[in-house]
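With the hints as constraints, model all of the structure from the sequences given.
Chains as they are written, first to last, in the numbering used here: chain A, 4 to 346; chain B, 4 to 346; chain C, 4 to 346.
Heads up, a few of these hints could be off.
One copy or any two copies: either way a pair holds, since identical chains are not told apart in the list.
What the hints assert, rightly or not - In the DMTMM-like style, the derived pairs of lysine to aspartate or glutamate whose C-alpha atoms are separated by at most 25 Å in a straight line are: (1) K232 to E216; (2) K117 to E161; (3) K169 to E202; (4) K232 to E139; (5) K232 to D319; (6) K123 to D327.
Since the hints were made in silico from the structure, they are not lab data.
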Amino acid sequence: MAKTNSGRFFEDYTVGETLHHAVPRTVKMGERALYHMLYPARHALYSSDQFAQSSGLPFSPLDDLIAFHIVFGKTVPDVSLNAVANLGYAQGRWLAPVWPGDTLRSQSEVIGLKQNSNGKTGVVYVRTTGLNQHDEPVLEYVRWVMVRKRDVDAPAPETVVPDLPKALSADQLVIPKGLDFTNYDFTLAGEAHRLSDYEIGEQIDHVDGVTVEEAEHMMATRLWQNTAKVHFDTAARPDGTRLIYGGHVISMARALSFNGLANAQMIVGLNGGAHANPCLAGDTIRAWSEVIDKAETDAPGVGAIRLRLVATKGGDPFALRGEDGKYLPDVLLDLDYWALMPL
Amino acid sequence: MAKTNSGRFFEDYTVGETLHHAVPRTVKMGERALYHMLYPARHALYSSDQFAQSSGLPFSPLDDLIAFHIVFGKTVPDVSLNAVANLGYAQGRWLAPVWPGDTLRSQSEVIGLKQNSNGKTGVVYVRTTGLNQHDEPVLEYVRWVMVRKRDVDAPAPETVVPDLPKALSADQLVIPKGLDFTNYDFTLAGEAHRLSDYEIGEQIDHVDGVTVEEAEHMMATRLWQNTAKVHFDTAARPDGTRLIYGGHVISMARALSFNGLANAQMIVGLNGGAHANPCLAGDTIRAWSEVIDKAETDAPGVGAIRLRLVATKGGDPFALRGEDGKYLPDVLLDLDYWALMPL
Amino acid sequence: MAKTNSGRFFEDYTVGETLHHAVPRTVKMGERALYHMLYPARHALYSSDQFAQSSGLPFSPLDDLIAFHIVFGKTVPDVSLNAVANLGYAQGRWLAPVWPGDTLRSQSEVIGLKQNSNGKTGVVYVRTTGLNQHDEPVLEYVRWVMVRKRDVDAPAPETVVPDLPKALSADQLVIPKGLDFTNYDFTLAGEAHRLSDYEIGEQIDHVDGVTVEEAEHMMATRLWQNTAKVHFDTAARPDGTRLIYGGHVISMARALSFNGLANAQMIVGLNGGAHANPCLAGDTIRAWSEVIDKAETDAPGVGAIRLRLVATKGGDPFALRGEDGKYLPDVLLDLDYWALMPL
Numbered sequence: 004m005a006k007t008n009s010g011r012f013f014e015d016y017t018v019g020e021t022l023h024h025a026v027p028r029t030v031k032m033g034e035r036a037l038y039h040m041l042y043p044a045r046h047a048l049y050s051s052d053q054f055a056q057s058s059g060l061p062f063s064p065l066d067d068l069i070a071f072h073i074v075f076g077k078t079v080p081d082v083s084l085n086a087v088a089n090l091g092y093a094q095g096r097w098l099a100p101v102w103p104g105d106t107l108r109s110q111s112e113v114i115g116l117k118q119n120s121n122g123k124t125g126v127v128y129v130r131t132t133g134l135n136q137h138d139e140p141v142l143e144y145v146r147w148v149m150v151r152k153r154d155v156d157a158p159a160p161e162t163v164v165p166d167l168p169k170a171l172s173a174d175q176l177v178i179p180k181g182l183d184f185t186n187y188d189f190t191l192a193g194e195a196h197r198l199s200d201y202e203i204g205e206q207i208d209h210v211d212g213v214t215v216e217e218a219e220h221m222m223a224t225r226l227w228q229n230t231a232k233v234h235f236d237t238a239a240r241p242d243g244t245r246l247i248y249g250g251h252v253i254s255m256a257r258a259l260s261f262n263g264l265a266n267a268q269m270i271v272g273l274n275g276g277a278h279a280n281p282c283l284a285g286d287t288i289r290a291w292s293e294v295i296d297k298a299e300t301d302a303p304g305v306g307a308i309r310l311r312l313v314a315t316k317g318g319d320p321f322a323l324r325g326e327d328g329k330y331l332p333d334v335l336l337d338l339d340y341w342a343l344m345p346l
Numbered sequence: 004m005a006k007t008n009s010g011r012f013f014e015d016y017t018v019g020e021t022l023h024h025a026v027p028r029t030v031k032m033g034e035r036a037l038y039h040m041l042y043p044a045r046h047a048l049y050s051s052d053q054f055a056q057s058s059g060l061p062f063s064p065l066d067d068l069i070a071f072h073i074v075f076g077k078t079v080p081d082v083s084l085n086a087v088a089n090l091g092y093a094q095g096r097w098l099a100p101v102w103p104g105d106t107l108r109s110q111s112e113v114i115g116l117k118q119n120s121n122g123k124t125g126v127v128y129v130r131t132t133g134l135n136q137h138d139e140p141v142l143e144y145v146r147w148v149m150v151r152k153r154d155v156d157a158p159a160p161e162t163v164v165p166d167l168p169k170a171l172s173a174d175q176l177v178i179p180k181g182l183d184f185t186n187y188d189f190t191l192a193g194e195a196h197r198l199s200d201y202e203i204g205e206q207i208d209h210v211d212g213v214t215v216e217e218a219e220h221m222m223a224t225r226l227w228q229n230t231a232k233v234h235f236d237t238a239a240r241p242d243g244t245r246l247i248y249g250g251h252v253i254s255m256a257r258a259l260s261f262n263g264l265a266n267a268q269m270i271v272g273l274n275g276g277a278h279a280n281p282c283l284a285g286d287t288i289r290a291w292s293e294v295i296d297k298a299e300t301d302a303p304g305v306g307a308i309r310l311r312l313v314a315t316k317g318g319d320p321f322a323l324r325g326e327d328g329k330y331l332p333d334v335l336l337d338l339d340y341w342a343l344m345p346l
Numbered sequence: 004m005a006k007t008n009s010g011r012f013f014e015d016y017t018v019g020e021t022l023h024h025a026v027p028r029t030v031k032m033g034e035r036a037l038y039h040m041l042y043p044a045r046h047a048l049y050s051s052d053q054f055a056q057s058s059g060l061p062f063s064p065l066d067d068l069i070a071f072h073i074v075f076g077k078t079v080p081d082v083s084l085n086a087v088a089n090l091g092y093a094q095g096r097w098l099a100p101v102w103p104g105d106t107l108r109s110q111s112e113v114i115g116l117k118q119n120s121n122g123k124t125g126v127v128y129v130r131t132t133g134l135n136q137h138d139e140p141v142l143e144y145v146r147w148v149m150v151r152k153r154d155v156d157a158p159a160p161e162t163v164v165p166d167l168p169k170a171l172s173a174d175q176l177v178i179p180k181g182l183d184f185t186n187y188d189f190t191l192a193g194e195a196h197r198l199s200d201y202e203i204g205e206q207i208d209h210v211d212g213v214t215v216e217e218a219e220h221m222m223a224t225r226l227w228q229n230t231a232k233v234h235f236d237t238a239a240r241p242d243g244t245r246l247i248y249g250g251h252v253i254s255m256a257r258a259l260s261f262n263g264l265a266n267a268q269m270i271v272g273l274n275g276g277a278h279a280n281p282c283l284a285g286d287t288i289r290a291w292s293e294v295i296d297k298a299e300t301d302a303p304g305v306g307a308i309r310l311r312l313v314a315t316k317g318g319d320p321f322a323l324r325g326e327d328g329k330y331l332p333d334v335l336l337d338l339d340y341w342a343l344m345p346l
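See below:
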């Protein structure tokens, strides 16, 4: 009896089945400290208990992207071990803060399947939910990946492609219970700009860059118990390079965006995202943002800002696609998210 | 008066003396988080408080190898600063879990001495015990190292070689108080295989590999307050390479063995081990295991599995020694241990 | 409206103004664990709750240099983003221990300004104070930096140069409340030498060296939320190297000084310091110390030792300056501090 997990292939998925991902994880302040070591993260709500308390929370929760990475990492052995490409995200919502001491686990429902015309691969759509120790959902998102078939002669499943709206509307966002920005201290937070200071269409160059190292991205990826071979093993790819986990680029870009978006405190919605080009050690990650939308919320003093966050490894800020409509070769990430910001 | 520690030489040891190693260390969840960042560790009992509670423990203890590395690290300034080689381990037993908040210290009794025929070095045998803040032993093991003489003309001590059985018998293993695997959740743990699914003699290729970096092994080794120069200082070895701490290879291989041995939850016995060849940054560590023995225990649902764990930097899985009986050059580690697994 | 922070230039400072630095930070044991991973830190009071308790403290505080780095890091966006050079430190005092769970913030008073004769730069003197969540000061120090002018034609401010004594006297040092070394355990601490064993003028070569890596210094610097571009971005300096944060060298040298100064437990005063030459990845940091002064304190069994700590990347130990009076090219750091040691 084979003991090791060789991962699922395209024909192993059935629409409607639920995958219960392994290895729950208790997270505490150690993970927070590591996040601050791995990324230049400075958003005040995730840095200071007192700042969180003055914003109506009992204390500072763990960063929204820590929750994302842990929930995501657990899905890798069941969803993306034989993936050719991570194609997209949609309908991501943070549903409750993750507190130090919480234990997270993940499960995914298969919501779509579409074999590719070459007959060798197919697209698998899953809706992944992260749950805490009270079985309360803390995060959900849809992801679709291209997965190899084990047997090219296996019959194609019925095609089911879920209807995925391009973005969440602001009223779909879940605001953490008690959040209140009416006493917001802009000096402690680091910048004076409130939601009304941002214009739809405004673009912000976040200026700073970080040159990334092999040791850093491997440690970050391991921290989320993400086991995909291409991140760790120089024998896994033909050219001997280790591909940097796309989530490492997301966290780096989000942290760099503090410079200009210090008050976009909490990510609460993930509308979509593309890992446009591979990132490798030695690349210098830079970031720019564009304001896509703004909205009020029911929470006192709390607004929502919809942002495009683009990570690059060079090139002109604000350049995104070439004349052919394809991402420029220096673009690493094109992310569309909602964050909460004082009105 | 010289203020710095130049380490002990062979003639500085006396059979029967006890070395009280310096610098006690309080460990908490931060060390756990770091362990998860440094190694692809996923065993559920050390990852989730809830999983540990469903196994009869009050919450999740710190990984068995964290305890080993911390206890070991403290012995370096007194035992292996002038060591030529770390020759072996025997009779290692984990005696009590290490809980977040515990403070660990180490002491070693010199149990054997044997001068080598060249008159320049000798073998020192110590039994090291790790103790917590209640002076309860949490770990004990025998280690023997080859140590330089300060003065080659110093007289040879009487030869004392301790009688070290090749392995612990299963009834010598100490099971953590309360441990109960009768409600074990194999889905959350990550694999379906219980003790009865493993055959004595069965070999498992753990498939995955991790290419290691200088920054990682130095951070890991420092974390255990291990101060041996060869790990940190490019001037310490003639070829300018930094030798990777053997314990780093142990932890990496053990973590990789999750893939195929996810239910070998807790290491409770160390029968023996050899660091077969040096490991250097840039090497890709892989691992395979062989089932040596199986046993029941007195704890409900809890069995014990004796495993050979071999780490390599390449070569064929399951290859160990050449025709000359020596370890093959790609073999890094040959470890013999007992772990607890659901029956 | 520009959203990003381009930093302050020389003409933006006014003597007497107070800068309230952004992003308070709650620190816990995770930061301690990271400090032990990044540096070979072994001082017992900062390693063991029990050792701290036997020294009269409720438990082990966070390392003195963790407090320094966090307080310092917060000042970078307001003080040194456009700095040409960090010129010196003076009058640094640790005023209260930092406990796990404390939240730190920083503020700086501008206490001096002096435009340079070239008209392009000027020297800014600030007194920085770190405060905890009770608004109690935990640390204060004076730092002066050379800052670029935005507009070379901006008028020079009135020259104000603060009077900065070359060193704190022993009676200016603040001893943590309750500290008592009368039951000090020299074996657990790692060395037998008490204050009376050290002679003024005595020099100690700390023997060990650590070759530093890019990943390590970037992680350390990020951990303190220090955002200076030169540490992270290979495009920030003409030669493509990343300059290692001077504080990384301070912590590395201080940790190496354990070997010979294991009982210099707590830093309580910073008399002065110079970052003599840049440190780059690949350098091997070594350290030596010289005893400058000794004093008694009011606390039972507690003495104070004033030390010069020199970090080098090679060269002869105890060599500091050339015949021209300038620091030798291998000298990285020349630090003058007070530490507490058992009498």
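### Query
Which holds for K123 with D327 at a C-alpha limit of 25 Å: within a copy, between copies, both or neither?
neither (27 Å within a copy, 47 Å between copies)
### Task
Could you place K169 and E202 in one of the four classes (within, between, both, neither) given a Cα distance threshold of 25 Å?
within (21 Å within a copy, 52 Å between copies)
### Query
25 Å Cα cut-off: does K232 pair with D319 within a copy, between copies, both or neither?
between (33 Å within a copy, 19 Å between copies)
### Task
Evaluate K117 and E161 at a C-alpha cut-off of 25 Å and name the case that applies: within, between, both or neither.
Answer is within: at 7 Å inside a copy they meet the 25 Å cutoff, but 74 Å across does not.
### Task
Go through the copies and call it for K232 and E139: within, between, both or neither, with a Cα cutoff of 25 Å.
neither (31 Å within a copy, 41 Å between copies)
### Query
25 Å Cα cut-off: does K232 pair with E216 within a copy, between copies, both or neither?
both (17 Å within a copy, 16 Å between copies)
Of the numbered hints stated above, those contradicted by the structure are hints 4, 6, listed in ascending order.
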